[in-house]
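A.B. asks: Using full-length UniProt numbering, you'd call the opening residue of the sequence shown number 1 and step up by one each time.
Hints listed in this document are in silico derivations from the structure and should not be mistaken for laboratory results.
Every value quoted in this text rests on a predicted model; they were computed, and no experiment measured them.
Just so you know, not all the hints are guaranteed correct.
[Claimed, not checked] EDC-like mimics (lysine to aspartate or glutamate), calculated; alpha carbons at most 16 Å apart, straight line:
1. K247 to E86
2. K370 to E449
3. K386 to E444
4. K227 to E214
5. K370 to D358
6. K395 to D459
7. K247 to E219
8. K395 to E465
9. K139 to E163
10. K395 to D460
11. K178 to E160
12. K178 to E256
13. K171 to E256
14. K257 to E160
15. K171 to E182
16. K139 to D167
17. K257 to E214
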Amino acid sequence: MSTQIVPLIVCGGSGTRLWPASRASRPKQFLPLFGDLSTFQETMRRVSGADVFGRPVIVTNQDHRFLVADQLLSIGVEADIVLEPEARDSGPAIAAGAAFIAARDGAKTPVLTLAADHRVRDIEGFRAACVAARRGAAKKSIVTFGVVPNQPATGYGYIEVGEPLTDGVMKVRRFVEKPDAETATRYVREGYLWNSGNFLFEAGFFLAEYARCEPETVEAVNEAVAKGKLDLGFLRLDAEAFARCGKRSVDYAVMEKTQAAAVVPASFDWSDVGSWGAVRELSPQDEAGNAMLGEALFVNARNNLVSSERQLVCVVGLDDLAVITTGDAVLVARRDDAAGIKALVEKLKQSHNGLTQDHLQSFRPWGHYKSLDLGARHQVKRIVVKPGGQLSLQKHHHRSEHWIVVRGVANVSINGQIKTLHENESIYIPIGSTHRLENPGKIELELIEVQTGSYLGEDDIIRIEDIYNRAAS
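Work out the full structure: start from the sequences and follow the hints.
C.D. replies: Shown next as structure tokens:
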């Protein structure tokens, strides 16, 4: 048995229950909700250390690939990144990661599958549970982590524990769905565990169990990995093969059907950060139970959460609310009404879909930009380009642009002519001109872009060349 556990981190999901902070282009796992690091970065830090863990594998989608790479770079962690051609739920994503690890490290490699948006603060307790789960996996079991409940929560599935398998590991008698409050209270009294949705198994054994339940999916996954292509350091799974996978969660596809499920009763703290109420519980609070991310004042108010990017938010005489403000949206909701917020996002997709997709600040592989002002025929953006970053060679049919350098150095190409700009210098790009922006310096390039024209949408970008291999839009 390998002595190192290989972490397999799944970065799917859009985090709609944490709107408006979480959006499709930058969902909750990539947000710094509890400090300087995102939950994805905290997860990667938690599985670092060659004494227990090997080189991680991350499964994500094309839209988030550079975001994943940037967040790994900023914490000094290296990993192999596998790209799903399309979302097929957690079952195929985990199977693809397991197949990649089996090919890279061997079929008996112990694999630790974690969601990127969960939070654990007891690192030593977490590591001890992983070591115990590795013993269970060696007994040809798929071991899940069952968290010892500290309250009868209705938002989690539960695990009924069976007889012992090995030291610190029990067999699973059954998985049960999210209960009502009365049933949850009984489950806690009878020793049931919360189902964390994280697993440890040997790569080959998991794939064999999956194949026993859904052979077509595992055949498709193996083909998708075998035919995968490297692209700028990412492994792109073969799209045609991956599309044949059954679209199912790992619980439904495997865990509810296998006879080889086991569980480690884990005492470490754990949360799936599934609501603004969970964010409040995990954040520092005042004596009245109020928590704030940003600036807030509370008068005769209890157990509220305020998250504000810029504004001072004042709450008077109200309890149990979440007040979330961003540059383009404000949410006021019952703190724990995650289902209501999810329904709101579905409604927004029909009327204000852009507010579910992108923030005012949008991230790109070369850096990021933020919309500062938008009118009928103009838009003003603040653009930041990383050292060595380069926008695509592009043109626009409906707008002209004016760039003013605020900080750093810019190389600007217009119709093949290159000009270098320094701070306080500017340049004009006429409609239809082929142009490119590059940062040749060692510090970030910051500039203000003023767009004018009849149409200012991002889909008026005709990419001619792109070092990041993005499709033309």
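A.B. asks: Against the earlier hints, flag every one the structure doesn't satisfy and list their numbers going up.
C.D. replies: 4 and 15
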